[in-house]
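> Below are the chains, spelled out letter by letter.
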Amino acid sequence: MAASIAPECNDIKEKYDTCFLKWYSEKYLRGNTTSNECEDLFAKYKTCLTKTLKERGIDNMLEEARKSTPETDAEYNRRT
Amino acid sequence: MKFFENIYTYDYSFPAVSLAYFLRYPNPYSRHVLTTDVIDRYVDPNTHRLHTTRIHLKKSKVPSGILKLLPKGIGGSDSSGQSYILETTIVDVKEGWMESESRNMEWTGILSVVEKQHYQRQPMEGALQKLEGLSLDDKRNEQTTVKTTVTFRSRFGQGKLLGRRKTEGEYEEEAPKRGFFTSLSTAGIQRTIELIGLNRTRDAILKSKQGMNVVLERLRSGGIVGVLEGMREDREAIVLGGEGPWKRVWMRGHASDDENN
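Chains A and B, in that order, are what the protein sequence lines are. Position 2 of the first sequence, counting from 1, maps to 2 under UniProt numbering, and the rest follow consecutively. Position 206 of the second sequence, counting from 1, maps to 206 under UniProt numbering, and the rest follow consecutively.
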């Protein structure tokens, strides 16, 4: 699995990634789109990342990127 | 502004291609990708589309051609040789498409590169296919096309040189270095920067497709476990710094794809 930008998050990231791949290939891609059994792992992974994202200023960059490219399903549907 | 457009067809089903997309790093052609993190992910309850935001950290140097155009101290000393790429994707499994957008998060004033891809299950026409058609395994007759559009835009000389960095007041924009380039207008410099970006992208797009094909082949022959095993080997190869066994094997079977490596 690809490494995390925060080495201390590699373990939890690997757990989350594994969970996601299983869910994506066995549930989502087969049409079961409602379940979200990896949510707890994702929350832990995100918490672990928070510090590094702040330290590296990525959270600010994200904020700016989001402001400049608002994209929602509603807009997507309008386009197509 | 410059554009690059390309259409490519994978000989794999849409579910396999979309899975490979999320699983594509590391692969033998992605040595420059250092880390990948998921920042946000959810299924829209109304559309059932899967939205994902990831950040990739990539090794990248500002091309020397662009460096020559920049005022002293910008791009050179500060450049850590790494850059962040923001990637957003939307998957619609029922309709059989995926949209992705990748953009650089820094230096956007010098050159903003936005890559958009539209993956589409084939055949495109007709009503929704039955869900039984969405198997991951070898539906060898199923294909997925991807249309890639890359937009290059330099705002050099328009007072937005450094994107976020300028707002921090770290740098002031100066006139470009004297010499040959003083003969170029701002528009000329912008065009030059955009062209340098365009040339680098041609190679990058080829490599990314080769990488996807390696991951897809691993998926076909060994499932997700096969992909994960391959990744382990790729990581070891990176650590060892050598070319690793994958390259010999891959080149033997895919000599024609490999001419640029």
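Any given hint could turn out to be false.
[Claimed, not checked] Listed next, the in silico DSSO-like pairs over lysine-lysine satisfying Cα-Cα at most 27 Å (straight line):
1) A:Lys-51 x B:Lys-147
2) A:Lys-54 x B:Lys-209
3) A:Lys-27 x B:Lys-94
4) B:Lys-147 x A:Lys-46
5) A:Lys-15 x B:Lys-59
6) B:Lys-2 x A:Lys-46
7) A:Lys-67 x B:Lys-209
8) B:Lys-59 x A:Lys-67
9) A:Lys-22 x A:Lys-44
10) B:Lys-61 x A:Lys-54
11) A:Lys-15 x B:Lys-61
12) B:Lys-207 x A:Lys-54
13) B:Lys-58 x A:Lys-67
14) B:Lys-58 x A:Lys-44
15) B:Lys-61 x A:Lys-22
16) B:Lys-61 x B:Lys-207
17) B:Lys-2 x A:Lys-67
18) B:Lys-116 x A:Lys-67
I should point out that these hints are in silico values taken from the structure, not numbers from a laboratory.
> Now look at each hint and say whether the structure bears it out.
Taking the hints in turn, this is what the structure says about them:
As the CA atoms of A:Lys-51 and B:Lys-147 are separated by approximately 37 Å, the hinted pair breaks the 27 Å bound. Taking the CA atoms of A:Lys-54 and B:Lys-209, the gap is near 33 Å; set against the 27 Å cutoff, the hint is violated. Straight-line distance between C-alpha atoms of A:Lys-27 and B:Lys-94 comes to about 13 Å, which keeps the hinted pair within the 27 Å bound. For a cut-off of 27 Å, the pair hint linking B:Lys-147 to A:Lys-46 is broken: about 32 Å separates their Cα positions.
Of the supplied pair hints, the one linking A:Lys-15 and B:Lys-59 holds, its CA atoms being roughly 26 Å apart against a limit of 27 Å. Simply put, B:Lys-2 and A:Lys-46 have alpha-carbon atoms about 36 Å apart, too far for the 27 Å limit, and the pair is violated. Of the pairs offered as hints, the one joining A:Lys-67 and B:Lys-209 is violated, with about 30 Å between alpha carbons and a cut-off of 27 Å exceeded. Our distance criterion of 27 Å between C-alpha atoms is met by B:Lys-59 and A:Lys-67, whose separation comes to about 26 Å.
About 18 Å separates the Cα atoms of A:Lys-22 and A:Lys-44, which keeps this hinted pair within 27 Å; it holds. Restraint check for B:Lys-61 and A:Lys-54: the C-alpha separation of about 24 Å stays at or below 27 Å, so the hint holds. Using a Cα cut-off of 27 Å, the hinted pair A:Lys-15 and B:Lys-61 is violated, with the two alpha carbons roughly 32 Å apart. Note on B:Lys-207 and A:Lys-54: the hinted pairing is violated, with a Cα-Cα distance of about 32 Å set against a maximum of 27 Å.
For a cut-off of 27 Å, the pair hint linking B:Lys-58 to A:Lys-67 stands: about 23 Å separates their Cα positions. Between B:Lys-58 and A:Lys-44, the direct Cα distance comes to roughly 25 Å. Compliance with the 27 Å bound is thereby established for this hinted pair. Under the criterion of a C-alpha separation no larger than 27 Å, the hint pairing B:Lys-61 with A:Lys-22 is inconsistent with the structure, at around 36 Å. Restraint check for B:Lys-61 and B:Lys-207: satisfied, since their Cα atoms lie roughly 17 Å apart, inside the 27 Å limit.
Under the criterion of a C-alpha separation no larger than 27 Å, the hint pairing B:Lys-2 with A:Lys-67 is consistent with the structure, at around 23 Å. Between B:Lys-116 and A:Lys-67 the CA atoms are separated by roughly 18 Å; this keeps the pair inside 27 Å, and the hint holds.
The structure does not agree with the numbered hints 1, 2, 4, 6, 7, 11, 12, 15 stated previously, though it agrees with the rest.
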